[in-house]
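Student: As a plain string of letters, each chain reads:
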Amino acid sequence: MLKYILKKLLIMAITLWIIITLTFVLMVSVPGSPFNSEGNSNEIVQANLEKHYNLDKPIPVQYLLYLKSIVTLEFGPSISQPNQTVNDMIGRGFPISAELGIVTVIVALISGVTLGVLAALRHNGVIDYLSMGIAVLGISVPNFILATLLIQQLAVNLEWFPVATWKSPMHMVLPVLALATGPMAIIARLTRSTMLEVLTQDYIKMARAKGLSPWKIIVKHALRNALMPVITVMGTLLAGIMTGSFVIEQIFAIPGMGKYFVESINHRDYPVIMGTTVFYSAFLIIMLFLVDIAYGLLDPRIKVMKKEGE
Amino acid sequence: MKRLLFLLMAVLTVFVLAACTAGEDAGKDPENNNNVEQPDNNNAGNDDSTDSSDGKVLYLNNGTEPKSFDPSIGFDAVSWDPLNNLMEGLTRLDKDHRAGPGVAENWDISEDGLTYTFHLREDAKWSNGDSVVAGDFEYAWKYMLDPATASPAAFLAYFIEGAEAYNSGDGSVDDVKVTAKDEKTLEVVLAQPTGFFLDVLTNPAFFPINQKVAEADPNWHTEAETFVGNGPFKLDSWKHEEEMVFVKNEHYWDAATVKLDKVHFAMINDSNTQYQMFESGDLDTASIPPELSDQLIDGDNVFIGPYGGLEFYRFNTTMEPFQNKKIRQAFAYAVNREDIAKYVVKNGVEPAFGFINPGYTSPDGKDFRDANGDLVTMDVDKAKQLLEEGMAEEGYDELPPITLSYNTSDTNKAVAEALQSMFKENLGVEVELVNQEWNVFSEAQKALELQFSRSSFINDYSDPVNFLESFITDSYMNRTGFSNAEYDELIAKGKSETDEQKRWEYLYEAERLLAEEMIAMPIRYYNTVVLEADGVEGILRHPVGYFDLKYADKK
Numbered sequence: 001m002l003k004y005i006l007k008k009l010l011i012m013a014i015t016l017w018i019i020i021t022l023t024f025v026l027m028v029s030v031p032g033s034p035f036n037s038e039g040n041s042n043e044i045v046q047a048n049l050e051k052h053y054n055l056d057k058p059i060p061v062q063y064l065l066y067l068k069s070i071v072t073l074e075f076g077p078s079i080s081q082p083n084q085t086v087n088d089m090i091g092r093g094f095p096i097s098a099e100l101g102i103v104t105v106i107v108a109l110i111s112g113v114t115l116g117v118l119a120a121l122r123h124n125g126v127i128d129y130l131s132m133g134i135a136v137l138g139i140s141v142p143n144f145i146l147a148t149l150l151i152q153q154l155a156v157n158l159e160w161f162p163v164a165t166w167k168s169p170m171h172m173v174l175p176v177l178a179l180a181t182g183p184m185a186i187i188a189r190l191t192r193s194t195m196l197e198v199l200t201q202d203y204i205k206m207a208r209a210k211g212l213s214p215w216k217i218i219v220k221h222a223l224r225n226a227l228m229p230v231i232t233v234m235g236t237l238l239a240g241i242m243t244g245s246f247v248i249e250q251i252f253a254i255p256g257m258g259k260y261f262v263e264s265i266n267h268r269d270y271p272v273i274m275g276t277t278v279f280y281s282a283f284l285i286i287m288l289f290l291v292d293i294a295y296g297l298l299d300p301r302i303k304v305m306k307k308e309g310e
Numbered sequence: 001m002k003r004l005l006f007l008l009m010a011v012l013t014v015f016v017l018a019a020c021t022a023g024e025d026a027g028k029d030p031e032n033n034n035n036v037e038q039p040d041n042n043n044a045g046n047d048d049s050t051d052s053s054d055g056k057v058l059y060l061n062n063g064t065e066p067k068s069f070d071p072s073i074g075f076d077a078v079s080w081d082p083l084n085n086l087m088e089g090l091t092r093l094d095k096d097h098r099a100g101p102g103v104a105e106n107w108d109i110s111e112d113g114l115t116y117t118f119h120l121r122e123d124a125k126w127s128n129g130d131s132v133v134a135g136d137f138e139y140a141w142k143y144m145l146d147p148a149t150a151s152p153a154a155f156l157a158y159f160i161e162g163a164e165a166y167n168s169g170d171g172s173v174d175d176v177k178v179t180a181k182d183e184k185t186l187e188v189v190l191a192q193p194t195g196f197f198l199d200v201l202t203n204p205a206f207f208p209i210n211q212k213v214a215e216a217d218p219n220w221h222t223e224a225e226t227f228v229g230n231g232p233f234k235l236d237s238w239k240h241e242e243e244m245v246f247v248k249n250e251h252y253w254d255a256a257t258v259k260l261d262k263v264h265f266a267m268i269n270d271s272n273t274q275y276q277m278f279e280s281g282d283l284d285t286a287s288i289p290p291e292l293s294d295q296l297i298d299g300d301n302v303f304i305g306p307y308g309g310l311e312f313y314r315f316n317t318t319m320e321p322f323q324n325k326k327i328r329q330a331f332a333y334a335v336n337r338e339d340i341a342k343y344v345v346k347n348g349v350e351p352a353f354g355f356i357n358p359g360y361t362s363p364d365g366k367d368f369r370d371a372n373g374d375l376v377t378m379d380v381d382k383a384k385q386l387l388e389e390g391m392a393e394e395g396y397d398e399l400p401p402i403t404l405s406y407n408t409s410d411t412n413k414a415v416a417e418a419l420q421s422m423f424k425e426n427l428g429v430e431v432e433l434v435n436q437e438w439n440v441f442s443e444a445q446k447a448l449e450l451q452f453s454r455s456s457f458i459n460d461y462s463d464p465v466n467f468l469e470s471f472i473t474d475s476y477m478n479r480t481g482f483s484n485a486e487y488d489e490l491i492a493k494g495k496s497e498t499d500e501q502k503r504w505e506y507l508y509e510a511e512r513l514l515a516e517e518m519i520a521m522p523i524r525y526y527n528t529v530v531l532e533a534d535g536v537e538g539i540l541r542h543p544v545g546y547f548d549l550k551y552a553d554k555k
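Chains as they are written, first to last, in my numbering: chain A, 1 to 310; chain B, 1 to 555.
Rather than coming from a laboratory, the hints here were simulated on the basis of the structure.
There may be inaccurate statements among the hints.
Claimed, not checked - Distance ranges between label pairs, derived from CB positions:
#1 B:Gly535 x A:Ile286: 51 to 61 Å
#2 A:Ile139 x B:Glu291: 49 to 59 Å
#3 B:Pro289 x A:Asp88: 24 to 34 Å
Cβ atoms here follow ideal geometry from the backbone N, Cα and C, with glycine treated the same way.
Excised from the complex, chain B in its bound form (with noise of 0.2 Å):
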């Protein structure tokens, strides 16, 4: 026995020593120790951590490493939530989500609506001390435009003349007519009138860059040390894949308004260990873990708000059945919404009747959704009749076997099963369901080989005319095979009108033509959720757009 503890004894020993040595190891990073640790400890276990000399930090998630602080190559939330509060376009989303002044302090438009001509802030500064001017704006929407710069959001800024044959390797960049007059004063001639092109340059696709800076080091977004921005904060540190600094930006021209005076995004992708986080203090938002939703939700710190987007599911009308729109309508009618919103997805989420979210406000003050109504809500006997009734038409029998195919996901799952039983219930037709890794997924859809499929949409910019364009003849959006010549024609019109409540009228009847025919299914639209610590306040989530810390406070 007194050999056996001797052995334990050597051993634990053996122990401590690696684990000594192994300390050393880590600690061996200054950066670590100093700059982070001494934050993060004051924050552990007491929300006070105002008092400590850093003044009042906000501590927030990004989930993971931004894809990049370019704004013609950012574009995901990831990248453009922190760049929003880092840069500033010439309107910036108001606390009412309506495009207000930004680095712009007015424009004007002229009569027929496509020249718009903006006035730049004397005051708008880069984080460097150089004045922000129009030739900023001017070269940063040439380089996004630019084939050889490959930006996936070049496609946003074709509603300027000449923008769309540039990025297609057809024109030419003289021909893009974006051009500073002088140094604040930018025109910018649209290739035909676009009501909501002031909401369109909210989006961060369309920030300026800094000309001198930009062309000194093409790589000045990679790094803190030469990152240079125009908004409420500037970027202090950025320790890539692990967290970023955020510090209030003194030169910012509103600067006064901007009552944080630090923000730590740090980058945790796993939601369970996020929330944990948030428990134990580290974090001042959080996401909530879909498991602990149902427990969660109702809690008095949890923020609802709506977020523009549809899931929705598409019909291939190159397959059969669904080439008939009865037996399309009769699928629809089949669904019970409120179940799925309620019970399966759950996290507080709206069911969808129609295809546009609630938050589009008209001309005339009202909202989007209320002028248009429900279009398609659960009535099974409607949906037998039709059912009958096409397959009547299509002389058929015995209705084709049905696959319903989504992207593999617990959620996805949980919502195509609640269909396939819906149908069964409803209609009597048996679904197949089948689930494929996303890329797979996409790829056959895109390609017109799935019958019946899963999709969502994510508004780029905040008008109705962003979801329904998707679905006129030959966008790369479509994905159904429709094509109906009268609803692109609505289409053209409720993007160029110049009367807006005669635009607006144009989409109220796209939205009630793409209902009739029924070439997707609605099914709910999404929303944002968000665990806000106490007195964290002022945050501004668009329901279209990025979020805004310019008005955040820690109480």
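This is chain A alone, in the form it adopts within the complex (with noise of 0.2 Å):
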């Protein structure tokens, strides 16, 4: 057991560098800088800017400095915004892109839950239809169209939530509405297709000949196995939720760190972006590797550990 995940925690170590040497590289390859502001300029001023942070350096002497920031978790001042350093950003951000995220990830994950079961449970039903109707759409509505239309319907015509800003938690309603419609589908069709064919395996026969009440088969037998691809995908989802999302962020006006992904490319803003990219990889792969030890307690069939260790 330990030494699987010692083995784990040394490849999650070799994936994080190859991923930050990958984004140095590329970073260093697109053209433009980050003093490419529209104002005006002058060749005085950009050298200045550049011999303060360290862009006058050799390449190989700035990925030195760059991996040194991240030994060291001391990612320095962003350069779009020289009064936070990435560290502040992140650290100000991620709480509030989390708190946003978990909440979304609750509401999905018990509302495609349910509207999955329903739909399993009355195959080729209305309510089956219903479901996988309301699925199909939250899969096909992108997410800022449906936030353009709450804001509009909710917010402006009927006043029941505000519009936009963090504050709250009726603040919260419409973006978590918003950002959860598209995860819900997701899990709602993952498990309607694996709870029937749970439901036909013969352990579920079984039961029903046993007199089970079908309450008791249904959320002890069939769905605690129906469940396995959903936390296949929670891992991915959860990290990808989590650490925000530009668009929802931006139309709701939610001081998260979404932007940040993309606003730092944009920028050319490179602490930001080695910063953001280390951060979200290393979660990533944390929420991955939780997902695969969560798969050994919930199904006896995958005996990872054990094997490692015979």
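Both chains are sitting in their own frames, so use the hints and assemble them into the complex.
Tutor: This is how it looks when you write it as structure tokens:
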């Protein structure tokens, strides 16, 4: 077990290093500089700026400086926002994105699983078509369109919720709805198809034959197995949603970290690009690792750790 | 069916539980609930927020987090618009958009136009109560010019003797001719006479820095708690990436003029969202989302004012066929600027028949634009003839292929497509369109790799030379390969001539020469378009410079 985890950790570190190096290579090969603002400038000013941010140094030296900043977890000041360090940005933005993300995942998970189970139980019935209809809509309507619609109808016309900003639980409702619909649809479809498969298995028939109540069969025997694929997608989903959605955060003026991923690249803000990439990759890798472990705990058929030990 | 109902109930219960726990989480931050929500709720749905205990509160949107409130570092509108209300320079733009007294009560200018002696107000104070002294200006400007500071705005100070040398690393700080003669007297010696220097000084780059505060804490400008300004308002709170609250600064020398008690800046970067917040009463001013322009632009609550800047296209004179003057002119004469302004860009912008936007008044009281007239209009016959002559001069049977480049944006694309069809219709020339991401585009343009490319210019100070200077030989802003000794000479005189009337004559001539050579083709001038809620008045929006809330009121 310990050996397995250690080996995993080593692989994770190597993966991260490869990602860092690839990001750096891509970053320096894209034309442009962080100082290409639309405002006026001149050569002396540009040279001073490059020197200030160590961009006048040779590329290998810059690479080593980056590696150093990553190892020490001090990403330094942002170039486009020199007031703030990258650590400040992540430290402030991530909790907000994570809060939005966790609520979204909970909503998506509960509503998605419910829809999926209902659809499977009433296979080819009205409820099945209804829930799968909702799921198809959820997958096909992009969240920024949904967000705009929600603001227009529920905030501006009906005045039930505030339009934007991030201040109270009421402010959370619309962005969570907009963000949760897509993942909900994915989860609903996954649950439905695995549930259908599981329900035809012999052990379910066995349980029925034993006279267990349908409620017990569904929750205790069917759902537990049907949720395995959902757990598989949860790792990626959590990492993706918790680190912020650029579009939703922009529309609802939520000060999360979603925008840094996109804007840092537009601005060629090298420290922020590195900081956000490392943070996101590390988060994703850890999530996938946790999913691996969760498999072993939930599914007796998968015995990754024991096999390693033998 | 009963079971299904039960299941549904169970799920709903879990849902409600989840929502409640989430609610507790979200409400955990006490700052969120106490300070901010209250005024917001008061404001929502009724315009009569003046009744609330906070007094007159103006709700504005800053778009994004300011880059920096360090006057030397900010250098963009999202930083300098708010900063212009937190601090004040020696001079401040008045209601007629001219440089008037600010921290300096008055000043003397030597006969040769080189030495400026500023007399600071006795009652000019910092928001912490300290007196604003001449040394604070000397400190701030030398800090800006220090190469280690890496100020993107430093070049604006090169008018001062010794400034350029120090900033480039060749000179010493002691040779920068800014001297605090005593507590309230500042002497500045210029490199050469500069008729518009007082206007340059209204720029936030020239704001003072409280030396005592900055030396004790170099990061004084990053948080509301440590920020010390000397303007009409002071920074009360600043939640990064979220909002800022300004309150009236009782230490400001002209505090009696300031009518607002509070200004609240949101940071909403989405043009539709900020418009919807304006509609729902959460904001007092907003910009017009491009899709709604036709619908809203003629409304009563729309402020439309000039903005010092030009959209234009650069010809690359080092690439065929634009080494030929007549071919360049032919392209410029083939463009219908009125149509582009009216039907393509919209939003009330004005077509540009010259390079310098209207709004600069000459010493004899005329507008620069009126005095120099229209320099390039649409003339299809002339365009065709010029193209023919140009092709003959170069010996072309067929025009080399032409690529028009622009940085990716919806408006730029629409303008480029309009140009494409005008060149085809009026000149019979097929032009290929290419768009690139801003940073890639900008690098290529600087390296003279683009043949025919879009550009924009926004003035840093209120003088025609600001734009015209871009095209002197080897200027960083040139980007056309253009080099003309006569033009360089005119600009040099247009900067340093002490007789203002003569100086303007040189500038008229320079603009005419630029139009004759046609190394860049003007399209349209910029403007400022703002929706203002009922009762909002007195916000000063200068054609060149940053907005001023000193006289603003909310009825």
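Student: Could you say whether the range 49 to 59 Å given as a hint is met by the Cβ separation of Ile139 of chain A and Glu291 of chain B?
Tutor: For Glu291 of chain B against Ile139 of chain A, whose Cβ atoms are near 26 Å apart, the range 49 to 59 Å is violated.
Student: Note whether the CB distance of Gly535 of chain B and Ile286 of chain A lies within 51 to 61 Å or breaks it.
Tutor: holds (53 Å)
Student: Using the C-beta atoms of Pro289 of chain B and Asp88 of chain A, is the stated range 24 to 34 Å upheld?
Tutor: holds (31 Å)
In summary, the one numbered hint that this structure violates is 2.
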